[in-house]
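In order, the protein sequences belong to chains E and C. Our numbering applies: residue 1 is where the first sequence begins, and numbers increase by one. Our numbering applies: residue 1 is where the second sequence begins, and numbers increase by one.
Hints in this document: simulated from the structure, not taken from any laboratory. Among the hints, a few may not be true.
To be verified - For lysine to any residue, the following SDA-like pairs were computed, each having C-alpha atoms within a straight-line distance of at most 25 Å:
| hint | chain 1 | residue 1 | chain 2 | residue 2 |
| --- | --- | --- | --- | --- |
| 1 | E | LYS54 | C | ARG42 |
| 2 | E | LYS37 | C | PHE88 |
| 3 | E | LYS99 | C | ARG42 |
| 4 | E | LYS109 | C | PRO102 |
| 5 | E | LYS37 | C | TYR96 |
| 6 | E | LYS37 | C | ASN32 |
| 7 | E | LYS56 | C | ARG97 |
| 8 | E | LYS37 | C | GLU22 |
Unchecked claim - Which chain C residues face chain E? A few, computed with CB under 8 Å, are given here:
| hint | residue |
| --- | --- |
| 9 | TRP7 |
| 10 | LEU44 |
| 11 | TYR49 |
| 12 | PRO102 |
No experiment lies behind these values; they were computed from the predicted model shown. Glycine included, every Cβ here is placed at the ideal spot set by N, Cα and C.
Each chain, letter by letter, is given below.
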Amino acid sequence: DQQVKQNSPSLSVQEGRISILNCDYTNSMFDYFLWYKKYPAEGPTFLISISSIKDKNEDGRFTVFLNKSAKHLSLHIVPSQPGDSAVYFCAVTTSGTYKYIFGTGTRLKVLA
Amino acid sequence: SQTIHQWPATLVQPVGSPLSLECTVEGTSNPNLYWYRQAAGRGLQLLFYSVGIGQISSEVPQNLSASRPQDRQFILSSKKLLLSDSGFYLCAWMGYRPYFGPGTRLTVT
Chain E
1 DQQVKQNSPS LSVQEGRISI LNCDYTNSMF DYFLWYKKYP AEGPTFLISI
51 SSIKDKNEDG RFTVFLNKSA KHLSLHIVPS QPGDSAVYFC AVTTSGTYKY
101 IFGTGTRLKV LA
Chain C
1 SQTIHQWPAT LVQPVGSPLS LECTVEGTSN PNLYWYRQAA GRGLQLLFYS
51 VGIGQISSEV PQNLSASRPQ DRQFILSSKK LLLSDSGFYL CAWMGYRPYF
101 GPGTRLTVT
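Isolated chain E (complex conformation) (with noise of 0.2 Å):
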């Protein structure tokens, strides 16, 4: 039962270009989500949150969309860089819980 998913393992970009990252989740309850990055070998680091009153945040090259009718978010990145290359995971949660729930990741490869 996967309550969160990222359709695309993989995405390739050429540098300076945008990066468009999907995750769709089932729950109409979550109301808090997340994107992490995470490169090989290393722990995944924060990136970016959206709770469910907005539907757009913006930090810097990052911008995270939420769509709570179709249960569905997003992740631009603007202009990609080489240095983006890694793994992007989508994370959900009910405000209050303990449970955090990722999706399985986008592999995202910026050509130079």
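On the provided structure of chain E, position chain C as indicated by the hints.
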């Protein structure tokens, strides 16, 4: 600031051997602690979480167990490893969000 340590960084173990992975947290008291596993082709799977000493909740029935003997120490164990236990094991503590340690790469041969 808080720091999370895991060791060993890499481990190769034969099938049927025991396992002990350790996680310690510095800079915070009474943290909520988690064990996750990243297996090939899969996401980050929550294995165990702990809200205090001796308090462990299991998320997935499996060949593994966890213990929390001290406030800032979390241990993942197995009596007999299976090939399917191979993966990247991550310890995390819960601040405003999960903060992950550097991970342990376990290969069961």
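### Numbers of unmet hints, in rising order
1 and 9
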